[in-house]
Amino acid sequence: MTATLAPAGVSGLARDDLRARADSLASGAVHHGGTAVRVEGILKSYGGAGPAALEGVSLDIAPGELLALLGPSGSGKTTLLRVIAGLEIPDGGRVFFGRQDTTDIPVQRRGVGFVFQHYALFRHLTVFENIAYGLRSRERKRRPPEAEIKARVERLLDLVQLPTLAKRYPGQLSGGQRQRVALARALAVEPSVLLLDEPFGALDAQVRKDLRRWLREIHRETGQTTIFVTHDQDEALELADRIAILNRGRIEQVGAPHEVQDHPASRFVMSFVGETARLAAEVRQGRVWVDGRPVLAAESGWPQGPVDLCLRPWDLAVGQGENALPGTVREWRRTGRGTVAEIQLDGAEAPVEVAVTEVYRPGDRVRLEAAAARVFARG
Amino acid sequence: MSPAALAPAAPRAGRPFLRPSALPGFRLTFGITVTYLTLVVLLPLAVLLLRASAIGPAGLWALVTDSRNLAALKTSFGLSLAAAAIDAVAGLLIAWVLTRYRFPGRRLIDALVDLPFALPTAVAGIALAALYAPNGWLGAPLAELGIKVAYTPLGILVALVFVGLPFCVRTVQPLVAEIDKSSEEAAAILGASRFRALVTVILPPLVPAMLTGFALAFARAVGEYGSVIFVAGNLPYVSEIAPLLIVIKLEEFNYTGATAIAAVMLLMSFSALLAINLIQDYSRRRFGHV
Numbered sequence: 001m002t003a004t005l006a007p008a009g010v011s012g013l014a015r016d017d018l019r020a021r022a023d024s025l026a027s028g029a030v031h032h033g034g035t036a037v038r039v040e041g042i043l044k045s046y047g048g049a050g051p052a053a054l055e056g057v058s059l060d061i062a063p064g065e066l067l068a069l070l071g072p073s074g075s076g077k078t079t080l081l082r083v084i085a086g087l088e089i090p091d092g093g094r095v096f097f098g099r100q101d102t103t104d105i106p107v108q109r110r111g112v113g114f115v116f117q118h119y120a121l122f123r124h125l126t127v128f129e130n131i132a133y134g135l136r137s138r139e140r141k142r143r144p145p146e147a148e149i150k151a152r153v154e155r156l157l158d159l160v161q162l163p164t165l166a167k168r169y170p171g172q173l174s175g176g177q178r179q180r181v182a183l184a185r186a187l188a189v190e191p192s193v194l195l196l197d198e199p200f201g202a203l204d205a206q207v208r209k210d211l212r213r214w215l216r217e218i219h220r221e222t223g224q225t226t227i228f229v230t231h232d233q234d235e236a237l238e239l240a241d242r243i244a245i246l247n248r249g250r251i252e253q254v255g256a257p258h259e260v261q262d263h264p265a266s267r268f269v270m271s272f273v274g275e276t277a278r279l280a281a282e283v284r285q286g287r288v289w290v291d292g293r294p295v296l297a298a299e300s301g302w303p304q305g306p307v308d309l310c311l312r313p314w315d316l317a318v319g320q321g322e323n324a325l326p327g328t329v330r331e332w333r334r335t336g337r338g339t340v341a342e343i344q345l346d347g348a349e350a351p352v353e354v355a356v357t358e359v360y361r362p363g364d365r366v367r368l369e370a371a372a373a374r375v376f377a378r379g
Numbered sequence: 001m002s003p004a005a006l007a008p009a010a011p012r013a014g015r016p017f018l019r020p021s022a023l024p025g026f027r028l029t030f031g032i033t034v035t036y037l038t039l040v041v042l043l044p045l046a047v048l049l050l051r052a053s054a055i056g057p058a059g060l061w062a063l064v065t066d067s068r069n070l071a072a073l074k075t076s077f078g079l080s081l082a083a084a085a086i087d088a089v090a091g092l093l094i095a096w097v098l099t100r101y102r103f104p105g106r107r108l109i110d111a112l113v114d115l116p117f118a119l120p121t122a123v124a125g126i127a128l129a130a131l132y133a134p135n136g137w138l139g140a141p142l143a144e145l146g147i148k149v150a151y152t153p154l155g156i157l158v159a160l161v162f163v164g165l166p167f168c169v170r171t172v173q174p175l176v177a178e179i180d181k182s183s184e185e186a187a188a189i190l191g192a193s194r195f196r197a198l199v200t201v202i203l204p205p206l207v208p209a210m211l212t213g214f215a216l217a218f219a220r221a222v223g224e225y226g227s228v229i230f231v232a233g234n235l236p237y238v239s240e241i242a243p244l245l246i247v248i249k250l251e252e253f254n255y256t257g258a259t260a261i262a263a264v265m266l267l268m269s270f271s272a273l274l275a276i277n278l279i280q281d282y283s284r285r286r287f288g289h290v
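Those protein sequence lines, which keep their order, are chains A and B.
If you're matching positions, the first sequence starts at 1 in full-length UniProt numbering and goes up one per residue.
If you're matching positions, the second sequence starts at 1 in full-length UniProt numbering and goes up one per residue.
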């Protein structure tokens, strides 16, 4: 969290006034703790007999935090983002910005920044006019003078590293450049919170990687409270301070990347944040049994009875130990990082890729030892 | 991309316009196009100009500046422009409603829009005359308010608006359907009022299509005859349109006079359409960045 962070809770929506921001900076009013955005029990359904889009979602976002909403498509993550922005009206629940209840404040007056997956730039306006749009949209007495608009747009163009493109039209830019312009446009109004809806979803892999790093830098520079939606767990793990994992309209777990990765709260989280091999197993007598063979010592606190045994591929290695799990090699190949074998463990739903040192042929029988494992009660 | 990469390869000597291409077809299609346009459009118009030129420049000038002819030309072009302008606005609104909203009877209304295309124009003229006559359904209440529609220039305007409407709806409709909803949302999030979003975000991309509709409606209105003569009253100097004047001249066996007025109309229409096209080109460059 940086010292340039403006207090989201204090003056609510008026805070995007430059002067208010400058004052708050001068007085050193930096809030640690507290919440920038809070949603409480958000309900939203799209009618019909289908599943509800959001089934009572509650979440706190700290000032200056970079939070990822992670989930598969249809999990409600975009809907939640749009509810926070004011683009969707929830059927129930409240939204707070700082201490202010913004549930009933129309989208035009919420003062959020929003970046769309497909940029949604104004195609008939130049890059400059796109970025200036929010400032020009203010009512006369809050609209900055032309010289200041110009200065601010130029500063933003520098921030997004496109200082020479002010006079271009969006159609003349590449995808990555468009998304930078969209981000500059969203930041121009000095939003209380920046919302990004799958911001890199439409870009190719390399640009995506660059923009990810660059967004992290911008966030460090500006300390802007940011929520972004993604279905890419790598993106969430790499970028976010905290990750909220959504599934079917509910939050399954909220936590720092290492928490959700090392201590997944549910089988869904486990399999969503990383590749997982899953086997039907049973915990009894202090051991985990697969196919009537004990394979691991059970940790204290693991549920008894039938469970799903979940293993990360990087915790698996070929070994001949007593407890090793039997499996069949499906395929063996070289990659940039070494050699891997695709191994179908007996009783597993899908094969896993395991790093190996020897050469295998499809059909070879191998045994894998697990350095770590997690179990989740079945049902 | 460097500018050099974008620059077209120089055409081979002796073959202007023709660049080597892996996808041939230029020569065949261009040949057919020129032949067809010559036969169907240019030749008849050339004959018209030839016949009109028989009366000489002085005679032509006298005809054009003849006060009755001048009044008719003014009526035709002035009211056509007005009608096209009204259609452009109303057409946008109708296209918007038909595209944006779902309501019972939408398809029916959508089909109704094309009726002015399909109707013999005389039918439209008779219907409008009956409706707006001083004792008609609309004419009677309007007459009480002191507004006369039938047998006045206002009647002509109503008829021209009627026949031009489909052009303005059909040209704009596909573009309304294409409007990116998220750019509207972006405008709202950036604090723009609905009105500001409409003027600055939604309308500009529609301007080129609106101009196309305007040009088509205008062209149709200038040439319109059937629906107008029934409702116009056809008073010389007041509610007489140029096409009617041509017919009158023809009935008097004054072929030269008729072709002369026709030639003038042709030139005026052509310049008007050319001007609209140029504006359209400009607006496409200005607003049409995709």
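Treat the hints with care, since some could be wrong.
As a list, the in silico SDA-like pairs of lysine to any residue whose alpha-carbon atoms are at most 20 angstroms apart [as the list claims (entries may be wrong)]:
#1 181(B) x 123(A)
#2 181(B) x 46(A)
#3 181(B) x 150(A)
#4 181(B) x 107(A)
#5 150(A) x 118(A)
So the derived list for chain A, only partly shown, Cβ under 8 angstroms to chain B, looks like this [claimed, not checked]:
#6 87
#7 107
#8 108
#9 112
#10 114
#11 118
#12 128
#13 138
#14 310
#15 312
#16 314
#17 317
#18 318
#19 319
#20 320
#21 324
It should be emphasised that the hints constitute simulated quantities derived from the structure, not laboratory data.
The model shown is predicted, which means the values in this text are computed figures rather than measured ones.
In this text, a Cβ means the ideal position worked out from N, Cα and C, and glycines have one as well.
Now for the hints, and whether the structure bears them out:
1. 181(B) x 123(A): Holds, at roughly 13 angstroms.
2. 181(B) x 46(A): holds (18 angstroms)
3. 181(B) x 150(A): Judged against 20 angstroms, a Cα distance of about 28 angstroms means the pair is violated.
4. 181(B) x 107(A): Roughly 15 angstroms separates the two Cα atoms, so the pair holds.
5. 150(A) x 118(A): violated (26 angstroms)
6. 87: Holds - the Cβ of residue 87(A) comes within 8 angstroms of chain B, reaching about 6 angstroms at its closest.
7. 107: Given a least distance of 5 angstroms, the restraint on residue 107(A) holds.
8. 108: For residue 108(A), the interface hint holds, since the closest Cβ of chain B sits about 5 angstroms away, which is under 8 angstroms.
9. 112: holds (6 angstroms)
10. 114: holds (5 angstroms)
11. 118: holds (7 angstroms)
12. 128: violated (14 angstroms)
13. 138: holds (6 angstroms)
14. 310: Result: violated, 38 angstroms to nearest chain B Cβ.
15. 312: Constraint on residue 312(A) not satisfied, violated at 38 angstroms.
16. 314: violated (39 angstroms)
17. 317: Interface hint status for residue 317(A): violated (48 angstroms vs cutoff 8 angstroms).
18. 318: Violated, about 50 angstroms.
19. 319: Violated: closest Cβ of chain B sits about 53 angstroms from residue 319(A), beyond 8 angstroms.
20. 320: violated (58 angstroms)
21. 324: violated (53 angstroms)
In summary, the structure is inconsistent with hints 3, 5, 12, 14, 15, 16, 17, 18, 19, 20, 21 from the numbered list given earlier, while agreeing with the others.
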